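K.L.:
Generate coordinates for the entire structure from the input sequences, incorporating the hints supplied.
All the letters of the sequence shown, read from the start, carry residue numbers 0 to 497 under numbering that gives the first Met the number 0.
Bear in mind the hints are in silico, worked out from the structure with no lab data behind them.
Straight-line C-alpha distance at most 20 Å; calculated EDC-like pairs for lysine to aspartate or glutamate: (1) K173 - D196; (2) K378 - E438; (3) K158 - E200; (4) K224 - E104; (5) K461 - D170; (6) K62 - E415; (7) K112 - E100; (8) K378 - D436.
FRET-style restraints, in silico, Cβ to Cβ: (9) G120 - G343: 47 to 55 Å; (10) E334 - G394: 52 to 60 Å; (11) K28 - R258: 54 to 62 Å; (12) P36 - N429: 36 to 44 Å; (13) G394 - A477: 23 to 31 Å; (14) I475 - K244: 21 to 29 Å; (15) S282 - N484: 40 to 48 Å; (16) G343 - E50: 45 to 53 Å; (17) L340 - H123: 38 to 46 Å; (18) E409 - E256: 47 to 55 Å; (19) N93 - D416: 32 to 40 Å; (20) G251 - T168: 35 to 43 Å.
Here the structure is a predicted model, which means the values were calculated and not measured. Glycine included, every Cβ here is placed at the ideal spot set by N, Cα and C.
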Amino acid sequence: MRQDIIFSTAAVVCAGVGVYLWTTLKKNKIPGPTGLPFVGALYEMLPYAREGRLHEFFHEMVKKYGPIFNLPLPGGQEMVVIADAKIARALLFNRVNGRVEKSDEFQKHTVLKQGMIALFGDQHKVHRKHLVNAFIPTQLNQTVEASCHYASQLMDLWKAQSPDGHPITVDIYKCMMAMTTDVLGRILFSYEFKALDRLSEIGDRSTFEAAMDMLTIAPAKRAGKPEFLWHYFGVSQDQVKEALKPVYDLLGDVINEKRAVVQQNGGKRQGQARDLVDLLLESDPETGKDKFSTREIVDEAATFYIGGHDTTASTLTWTFYELVQRPDVIAQLQEEIDNMLATGSPLDNIFISHFKYLDYVFSEILRLHPPTVMTNWRKAMTDLEDVRGYRITAGTRIMIAIREIQRSPEYWPDAEDFKPERWANLKPGNEYLPFSDGEYKCIGHKMATMEVKATLVAILSKYTPRFVPNQNSRGIYAATLALKNGYKVELVERRSRS
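P.N.:
Listed below in structure tokens is the structure:
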């Protein structure tokens, strides 16, 4: 009898242990590619990475493994990718069963270690608090004004190509890259890059613009590689420092000149609109001390340039890409623009916010073509329990697949189709994250919105874009997903309307 009790007790204990182990393994065993020792899933990713198609790799992974999968990384590390809208929002607002923080991984690899994108924790909060004034209505109106000014300059160049008014074909990606360079030069630094003046020239980029590429390339090339290999990939500390000399020289000169003017005029530039560097140079009214060091100002200025350049230019290019395939949308947009401009109201950030159909188009573009495919890495600071039935262990990196969420048929009917009209009765929720969300949401999203909308109003009031066939156009993913090989559109000048 005693023996039966012992066996029964042992069986119950074993069953309990078995159930515990099974549930624990289930929580830990998030599906995903197996990977290889030392290199992880790198061998699966490389073919996509070489061709700028990493966004397609993540799409295939979501299709194969579902809205949460584990990706083995080189060196035995792991990353969990989330394509579930509700969980994504919970992670961004730190409303999960555990604690999440922005990972310090990007800061290790980036050159701009004191810029907003790289910062986290208390240091990020301090920078964000001081930078909020860069996006008040006065500053947003300067963005609208600069966008309209350079859009007008660009259209003058188009007009010069065809003074008789015949249609012309342009590379709209190249045009938008040059125009946003000039816009950002003015609103960030009060500096004239004159990129539009060089638009028709071969090798039309300034040394500053070329050097800025290194700031985007370096983190990507450094990621997943030990520091002793950085030199082999051309991104060692010395190599990057040399490549970035034009950036630091130009911004250093701008800062020194502005600092001298500020000191002469009691702390502000008199009679001139303030740009981002002016705001960074202001002293703290509570302490009278500088808010930022020179290095912080340089890093923030360069960060805002990078963050606002490729993303805005690519968003504008994707807009033309979608519009030329929907002439009915163009016609409806132009009708709204004509009617709104006919009121004679000044074109400022408040007025632009009343362009209802333009907002539908803009929202749909950001849904299909978000400025960033993935969020910056997060890190599980504690075990995260019950994430779709799994446990994410402390120390694990986490990425949110914004593009996958915003193109998921689970959340969006006709998810792959460009349908601005869907926004007429739609309020975005968890499934719409074009600028991320939470405390690390893109601080410049209002400025980017004004720049894109003002540019579209200016151009579509004067020109009708048309589709150019036989183009081998595809998005290339390198920091941003853009039509980096160019995209041609035909531009038809609109006749004056009485």
